[in-house]
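Go by the hints and put chains F and Z onto chain L.
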Amino acid sequence: MDYLIHILILIGIYVMLSSSLNLVAGYTGMLSIAHAAFYGVGAYTVALMSLNLHTPFLVNLVCAIIICGIFGAVVGIPSLRIKDDYFIIAAFAFQIIAFSVMNNWVSFTKGPMGLPGIPQPNLFGWKISSYPDFLLLTVIMCVVCLLICWRITHSPYGRVLQAIREDETFALSLGKNVAGYKISVFVLGAMLTALPGALYTTYISYIDPSSFTVDESIFIISIMIIGGAGRLWGPVLGAVVLVMLPELLRFVGMPNSIAANMRQIFYGGALVVCMLWRPQGLVGKADVLRK
Amino acid sequence: MEQLFLNGILVGLLISLISLSVYPVICLVRFFHFAHAVVIAAGAYFSFLLSRCFGWPMGIAIPLAILLSAGLGCLMEVAVYKPLRKREAKPIVFILASLGLYTVLQNVISLVFGDDTKSIRTGPVREGLNFLGARITPIQIITIVTAIVVVVGLLLFMKYTRLGKAMRTVANDANLARVVGIDSDRVIMWAFAIGSGLAGLAGILMALDTDMTPTMGMRPFMMGIVAMIIGGKDSIIGIVLGALLLAFAQQYGAYYLGSEWQDAIAFAILLIFLLFRPQGFLGKKV
Amino acid sequence: MKKNRFIVIVVLLVVLVSLLVTNLVNTRKRHVGQGRIVVGAVIDLTGPIAMYGNWMKDGAELALEHWNAIDGNEDAILLVQDSQSDVKKGVSAFQYLLANNDGVPAVLIGPNSSTVLACAPLANKSKVVLFTPTASSPNISNSGEFIFRNRSSGAQEMIELARVISEKFQIKEVGFIALNNDAGIAYEQAFVSAFETRGGQVLQTELLDLGVADFRTQVFKMKNANIDAVVLGSPAKEAATVIKQAAELNYKPKWFSATPIENPTLIEIAGSFADGLVYVAETVDHNNPLFSDFAQKFMDKFGYEPNVFCANAYDGTTILLQAIVSSHGKPDQMLQYLHSLDEYNGVAGKQAFDKQGDVVKKLSVKTVKNGTFQIFTKP
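Chains as they are written, first to last, in this note's numbering: chain L, 1 to 291; chain F, 292 to 577; chain Z, 578 to 956.
Mixed in with the good hints there might be a few duds.
Stated by the list, open to error - 30 Å max Cα-Cα, derived DSBU-like pairs, lysine-lysine:
| no. | chain 1 | residue 1 | chain 2 | residue 2 |
| --- | --- | --- | --- | --- |
| 1 | F | K409 | Z | K829 |
| 2 | L | K127 | Z | K704 |
| 3 | F | K456 | L | K83 |
| 4 | F | K409 | Z | K874 |
| 5 | F | K377 | L | K83 |
| 6 | Z | K831 | F | K409 |
| 7 | L | K176 | F | K381 |
| 8 | F | K409 | Z | K878 |
| 9 | F | K381 | L | K83 |
| 10 | F | K409 | Z | K798 |
| 11 | Z | K946 | F | K409 |
| 12 | L | K127 | Z | K702 |
| 13 | F | K373 | L | K83 |
In short, the hints are calculated from the structure, not lab data.
Isolated chain L (complex conformation):
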């Protein structure tokens, strides 16, 4: 049973990560490869605060949200001067630098040794320690996260975002402050990653920089794309499928010597096939990914 709950919690973490990315990339059209870096900032904030300052979980979470927001602004404001393909590369560069700092600033983050023994959260006297407790926390966080996303995308603000994705010049000509919209949604997306960051840190109770690499960013993007960018349920479905699929493959019997590589080949192959046949993802609108 714990195994199933564990899978559900992982799915929850990725639902939040890819939904927050969806706001930035799916709705506004800024594909950010720096998402795992924000996720890492949130996770490290919670971990370092609870280990060094022994502050309660809620305080850590709020601080993590604020710090992620600040980082979002620091990254977002200059990057917005950069257009299209180059934005992807700029975000990529931030991702690499953030990882490098987490990995090499040993006196502060303990570097590659990681931070073990992160205490479990305590919410208003509710001590979260068992698997069902964590599942409940995950569900609460996911609901909050999805509600925020839903509220944003179904507001006038959200409609402007989509207009920017479709045609930035047109949005400008309507007198919209495009830069302001872009920065605010970028900061918002970064702030939302603090939720999964805090959850992951306290759930696994051990973090090291290897969980926040470029590969992780690419995985989050894949979830969003395969699920369907620009749709509320796209990332949810993507997370379910992409987290569960490799787990299902555990049951497929293969000789050990080739199983590992075969699984990777299968995974990469699935990505290629999906891009060839259904690039808009499982529930996406076809036009989001067309020129």
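Using the frame of chain L, we list chains F and Z on its own:
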């Protein structure tokens, strides 16, 4: 300190070589072809297969390995990218597809050859030759010469041959190319062939110097991309200058700051360029 | 249209979930029904440290084969899961094995220390023995009573190396080159503190990033600082590349290192320049008939010579199987059994476990001579 300078030149030229191998491809298809990284490794492993497993002499194995790498590049173009282009997919679709390709092919290499280090070097390790107070090995000299030949060759090729001119036309304006009767699919196929062949060559040179593992291509590929952006992606000379700047910054940065910051230095330079001079060194202003 | 798609998605989800559940139930039946012993394994078979994972897996598989070949032994199987050099994947794999909890009382894990540390709280909670023959992080020592390892921790080796360098070689100043990952940093920290308490000084530390093959700048910095003794806290491939590139730069300090470099790769890459390297290692005694027999069988099955990690995995698997049988899979009795082992005579030498579950094993000082690994006699 002569050594540090020489290292900078060497690394810079190797990055240029890789950057120039992606150059024809990216110029024409306008997305970051990640699977190129695996072609670099494939070149090395093809040469390993031919020279070590089949026992053929290096003189035959290396050209054949370069041809096979070129073939691999073309295969990717035909099987994946061309259908995507026909559908007018967004760049992100290409990038994800090429990441998928990278994963598949890299694991095929691991599956066939294993994850451990393989070597095609012959003869014992020797001290480098003394050259103006610095040390240099024969294979490094070969790398330098090859890189210079490739740079000059590519410059001449793009400027004077029909295919090169056609490539520039397609890169500048695909519609215009169609109007003047250039078959852009054929030109792109050639770009993949040339680029992948050069990638294979770079892989073999790297393997001769520092041996091979299935993941050896990714990092040099990323550095190649960085060099290309800071150099300006339309100019061969710009790319070479970008690669040299990158290499020197990394070498001297590693020397004075600490080697663990090499990646951060490279990407910080990239960011500075993206923010203040997005067209690169010699790129045209857009 | 919209409704149809919704239905398709719901059906897809239901199928996925039900597949997962039925499979889970089936696996459980399969393993328990036949009264077999099941040992789980969470091993990094892909990713940057896959090489170690595969050595470990081969050792474990051979141990299992030998166990099953002995008459009277209860049939055993090894359930191998790939953790892909990724902490989360490792925890998922471990969880999957725990879902077969009726049958998996013990799990072999490694070589990624981070994965071991992330799985440790779970193992303690669900009372499953976690046994690593490969992970070296010193943090693992205090990660709980259910975590064992039969590889000497990197810290133990570095403390011994600091003693050897300052006492046997009378060297007071060294440089340190470490791989920039948990294992490498652990080596560096352990060595620096041990060496400084002996009055020595680490003049310069250089780090090598994973997946890089050009270390000339790091080597050149050492050369330029006129350091004539360098400690390498990295696996064989990186260490060998450093030695080779140093030789090409005409830089030949006295090299020191630890267990991971004892691998043919070192000689393949660095050639004769590896000669004279002195290192502290867990000894695989080639004169020990137990080991030579194991090495022969290993060679026949896998086609390469086993190293200390293969041997550790072989011993670890055998120890776990014996522990499971003698304790009938009861966790507390298993702990008792493991702690009661006194000089267990394995293919990798005699071993016992201390209170923290770390192996107590003889470390020896060795050297590379004419391309072979030999016991070091005199400076």
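- [ ] Please work out if L:K176 and F:K381 have their alpha carbons no farther apart than 30 Å.
- [x] Roughly 26 Å separates the two Cα atoms, so the pair holds.
Open item on the list: Run the distance test for L:K127 versus Z:K702: straight-line Cα separation, threshold 30 Å.
Closed with: Holds. L:K127 to Z:K702 sits at ~16 Å (cutoff 30 Å).
Task: Agreement of F:K381 and L:K83 with the hint, judged by alpha carbon distance not exceeding 30 Å - done: Given that 30 Å is the threshold and the Cα spacing comes to 15 Å, the pair holds.
TODO: Would you mind confirming whether the straight-line C-alpha gap from Z:K831 to F:K409 stays at or under 30 Å?
DONE: Holds. Z:K831 to F:K409 sits at ~27 Å (cutoff 30 Å).
TODO: Please work out if F:K373 and L:K83 have their alpha carbons no farther apart than 30 Å.
DONE: 25 Å, holds
Task: Pairwise hint evaluation, Z:K704 against L:K127, where the allowed Cα distance is 30 Å at most - done: Measuring from Cα to Cα gives roughly 22 Å; hence the hint holds.
Open item on the list: Check the hint pairing F:K377 with L:K83 against an upper bound of 30 Å on the C-alpha distance.
Closed with: Holds. F:K377 to L:K83 sits at ~25 Å (cutoff 30 Å).
Task: Straight-line alpha-carbon gap F:K409 to Z:K798, limit 30 Å - done: At roughly 28 Å apart (the allowed maximum being 30 Å), Z:K798 and F:K409 satisfy the hint.
Open item on the list: Checking one constraint from the list: CA of Z:K946 to CA of F:K409, max 30 Å. Satisfied?
Closed with: 23 Å, holds
Open item on the list: Tell me if the straight-line CA distance from F:K456 to L:K83 falls inside 30 Å.
Closed with: Distance ~28 Å between F:K456 and L:K83 Cα, so the pair holds.
Task: F:K409 paired with Z:K878 [C-alpha distance capped at 30 Å] - done: The hint holds at about 21 Å.
Open item on the list: Hinted pair, alpha-carbon criterion (30 Å max): F:K409, Z:K874. Please report holds or violated.
Closed with: Between F:K409 and Z:K874 the Cα gap is close to 24 Å, so the pair holds against 30 Å.
Checked against the numbered hints above, the structure violates none of them.
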